[in-house]
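Given these sequences and hints, build the entire structure.
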Amino acid sequence: MRYLPHTQEEIEKMMARIGVSDFEELFPTVPQDCRYQGDMEIPGPLTEWDLDVHMEDIRAKMKVGPKYKVLIGAGSYHHNIPAIVPYLTSRSEFLTAYTPYQPEMAQGTLQGVFEYQTLTARLLGVDVANASMYDGASALAEALLMTLRLGKKKKRVAVSRAIHPHYRQVIAAYFQPTEFEIVELPFNEDGRTDLSSLTRNEEFAGVALQSPNFFGVVEDVESAASMVQDCGALLVSGFSEPLAFGLYKSPGSQGADIVCGEGQSFGIARSFGGPALGMFGCKDAFVRSMPGRLVGETVDLDGNRGFVLTLATREQHIRREKATSNICSNQGINTITAAMYMAALGGTGIRKLARLNYDKAEYLKASLVEAGGELVFSSPTFNEFVVGFADDFSKKQRVLRDEKIIAGLELGRYYPEFANKYLFCVTETTPKAVLDRVVEEVKK
Amino acid sequence: MKDAPGTSGLILEEPLLWEKGKKGRNGMSVSASDVPAAALPEDLVGDGPDFPDLSEVDVVRHYTRLSQWNFGVDTGTYPLGSCTMKYNPKVNEKQAATPVIAAAHPMLDDELCQGTLELIYKLEKHLAIITGMDHVSAQPAAGAHGELAGMLIIDAYHRSRNSKRTKILMPDTAHGTNPASAALCGYKPVKIESGKRGILEVEDIRQLMDEETAGIMITNPNTLGLFEENIREIAAIVHEKGGLVYADGANMNAIMGIVDLKKCGVDVLHLNLHKTFSTPHGGGGPGAGPVCVVSELEKFLPYPRISFDGSEYSRDYNRPESIGRIHAFHGNFGVLVRAYSYILTMGAENLRMASQLAVLNACYLKVQLKDYLHLAYNRPCMHEVVFSDKRQLEHKITTLDIAKRLMDCGYHPPTIYFPLVVSGAIMIEPTESECLDDLDRFVAVVRRITMEAMEQPELLTNAPQRFKVKRLDETRAARQPCLCG
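Order-wise, the sequence lines are chains A and B. Residue numbers for the first sequence follow the working numbering, beginning at 1 and rising by one. Residue numbers for the second sequence follow the working numbering, beginning at 445 and rising by one.
Simulated from the structure, these hints should not be mistaken for laboratory data. For clarity, every value in this text was computed on a predicted model and none was experimentally measured. Do not take every clue at face value.
[To be verified] Below, in silico cross-link-like pairs of lysine-lysine (BS3-like), each with a Cα-Cα straight-line distance of 30 Å or less:
(1) B/K707 x B/K640
(2) A/K153 x B/K608
(3) A/K322 x B/K707
(4) B/K538 x A/K67
[Unchecked claim] Rough simulated footprint, nothing fancy, chain B against chain A, three-plus residues with beta-carbon under 8 Å:
(5) 237–249
(6) 340–354
Note that the Cβ used here is the ideal one computed from N, Cα and C, for glycine as well.
Right, here's the structure in full:
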């Protein structure tokens, strides 16, 4: 077996040195009634070439392959990934290293994560960003738990119904064993969260929105921040499409206290939803309540700049049950990936790319309305929007599917009132001809 | 020549991203628009982030230089205890990166993504067989996430029996994530002191376990590298009082095909695919932490569950007693692909052999080093062995000094100062990936360092000397935090 380097001769030599005569004698402390009986019934071993064949069989069962134009985002977006990104992230000095607990030997990871934190903070408009969480959903759940740590005796949080339904499910799971209560906030006809029910008496520790929200609608974060903060609560502004902040004002610059969401759009493949990247940032004042790892700048014995993991007294390996979270990792290589992507795109490039995404989505939006579709929400959007159709669109969706176009996500499963309404997503990867073909089918 | 980049051989200087570049450069092509420009909602539009503009060459050189300041498993021996830094096969990377897998959208209807569903389903089955457990969910995104899922399951189990329990038993050798995960579920950890033998003693559990206690979290083999040989009796006591047994599978690499965890009395277990199943650690993540349960607890597993009716795979959301969803989609699918590839490449016999060789390697290091470093517990070890700096302290040399000197000698240091029950712990896990020649070279280096500790201690206290930076001031980093450039 090519991963196991021992020859029989070496095994015997080592056993002789240890003083055992077979493998069985290496496990004297494992009681007989704990032992595995018989052989494990799993397939293999496969050679590299047989594995290729097996995996090709599995891949062949995917009806929707890379040649399809998938006009669905909903938290997982198709953006072009420059060749340098997978090339550089596959460097095994990054990929096969552990968490940088020995900083002198891991300055590559540490400087890379420090740069990620900085670019992320600039993107989100916050003072500080951490080294990342698992994904946008768990980041949001952790952010709400953080508001409860900061809100001392408060026991409630409010969560907008326009947040990704899966993210709300994750929040519910994280909150299940706690004594805390989650109140759902409805959304208005324009697709924005209705905050009118908030009052100081409600004693919310935190209020969570998503902007752009699940419907692609850009929330009025600035007004929301002042309303929420007037009620004595913290505003958590989530997101699933960070490219939006190449065009729209960042949530932090509009007053959000905690900004967190999904960073998959930045150079990370969709890969059936993971691994992804939970971006997480906040105002300076809250840093010590933050979950997750942080990399900080320092100096070495000679006064030269270097980077280390820091403020670990918040974390589980030091604080154990009193830690701010149980998280013991970050998304490592995906943070480096996102930083590379942001670096390659640059300030000029992200503006241009965000505008291109905006224009393309607006083009499809306007064309569908012109073709008879009904725009469900009037507020400005980014990349995604919801359209309803007078007749049954599912048949047309099927026709388009045969042409390798997946035309939108039907929303009835997530919002019963929006049955036969479709969430469309358009990015720079969808040519105009594909958009025109969808519109043509709608017109039929 | 202080300003030249090459001040230390091939370790080149490299500034921070925003200290280089020029406005107007670009490192990624953006297509020209093929649609008309749309009107912008001016009141919402901002200035865009202040990112540096870099060329493609700027970016490539930047990250290439950064990578050269790092040490990975592919660079050399990485005997980091409890982390299982085994070789990460390249064929797994290739499978995860294939366009069909990389492009799979997580919200597609079941009929459109049968391949990805099949892979998760089969991986879950294989992991059940390898551990002896009945059912598996591959949704948790990391070991600690798997622990959280497991504790949520234990909480859901007790609630389903209209019982509210407040405590959980926790050995003092546990990873820090264990008490932190339990605390997220409102359980107060009750510390169990390790006995003289470094393992849990039945009497201690009998005294501590009561009907207010939800169960016990056990790492087996434990973080001292010792097998908890009383586990079945301990499990019986916990079960008798209505509690459940949680096993942290961080050290599964010692026992594949050797121990059946269900037979040990374990009810809930998490695995670390980035340890036992060879997926890369990525400098901190992403990993994957599948949670495994016995049949009675299957109904509590996270949804969606993936099922197979003999012809079609589907996602089942109708799971009224489930703990719910803990990841936006299906967990770290790309990591699952790698682990699946590894399991198939190895097959049953080689997986078992991997565990046997991992234990053989650790036992060999124990024998070869125990006359040079103090052995914390002189008992049969499994896949890792814990020493300490007790002898070197006589010469004012600490574990940290030994670790830093090892770096200068071309090794990643072992895990240090953990587990907490061993003062100045040096926890060595060689894994099965290291061949005898490499182990012998490591032994020779460690022995020499213990000599240096007596004869030339400054070689240790001034280490490391051969890296881009010398010892870093961690106190300053924490006292005057600079987290953003």
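Hint check results:
For the proposed pair B/K707 and B/K640, the alpha carbon gap of about 26 Å is at most 30 Å, so the pair holds. With a CA separation close to 22 Å, the supplied pair A/K153 and B/K608 stays within the 30 Å bound. Using a Cα cut-off of 30 Å, the hinted pair A/K322 and B/K707 is violated, with the two alpha carbons roughly 33 Å apart. Only pairs whose Cα atoms come within 30 Å are accepted, and B/K538 paired with A/K67 is accepted, the gap being roughly 19 Å.
Beta-carbon proximity to chain B at under 8 Å applies to 5 residues in the stretch 237–249 of chain A; the threshold of 3 is reached and the given coverage holds. Under the rule that three or more residues need a Cβ within less than 8 Å of chain B, the assignment of the stretch 340–354 of chain A holds, with 15 such residues.
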